[in-house]
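Peer 1: This is what each chain is made of:
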Amino acid sequence: MFWVLDYLCLAVVLTGAVLVVRLRNLAGAAMALSLVGTVLGLLFVVLGAPDDAHAQIVVGAIALPTLYLIAIGKVRTDVEDRTELGEPADDPDDRP
Amino acid sequence: MVEILGLVAILELAVAGLLVVRLAMGPSVTDRVVALNAVSTQATLSLLFFAAYADRTIYLDVALWMASFSYLGALVWARFLERGLL
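Those protein sequence lines, which keep their order, are chains A and B.
The first sequence stops at residue 96 when you use full-length UniProt numbering, and every number in between is there.
The second sequence stops at residue 86 when you use full-length UniProt numbering, and every number in between is there.
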């Protein structure tokens, strides 16, 4: 039964990686990156490497998306027109 | 009996796959944050059940780290949402 969990982890990682590239919303892309890090950590454990999974969870699931988030936030403060970032113009529902 | 634990681990990850759909098409940022946090919880639970299935106590350590750091990650996302940077 190991291989079902194995391939399911791989499927989620692949879906998340496609989402990172394809999502137009930059915050959504950073969240998909965090998803990839989390499920990749789970995949490391399933394959029998819990020490690598530690590093993957701390760096790949938390620190790296946070760095991207800070970078995106700093870029956005300098751009007046948000459509210049390559994102679609905001609808009012997208604001928290 | 042990097979059930592995089956539950697989099903938890399948639920995470359903949550990926919400993360992909969630209309607002808050939907995506909630979906991401739920995916982290599902991955942690799947890891716990897999540790019980594989009978390795060292895997529980990874589950502990994943639970505590997903909490910190959700805190960071909430802080950035609060400041309106997203």
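Think of the hints as simulated: they come from the structure by calculation, not from any bench.
Keep in mind that a hint or two might mislead.
Stretches of chain A that chain B covers, calculated by requiring three or more beta carbons in the stretch to come under 8 angstroms of a beta carbon on chain B [what the hints assert, rightly or not]:
1) 12-25
2) 40-50
3) 59-69
For each residue, glycine too, the CB sits at the ideal point set by N, CA and C.
Peer 1: Tell me, which hint numbers fail for this structure?
Peer 2: none
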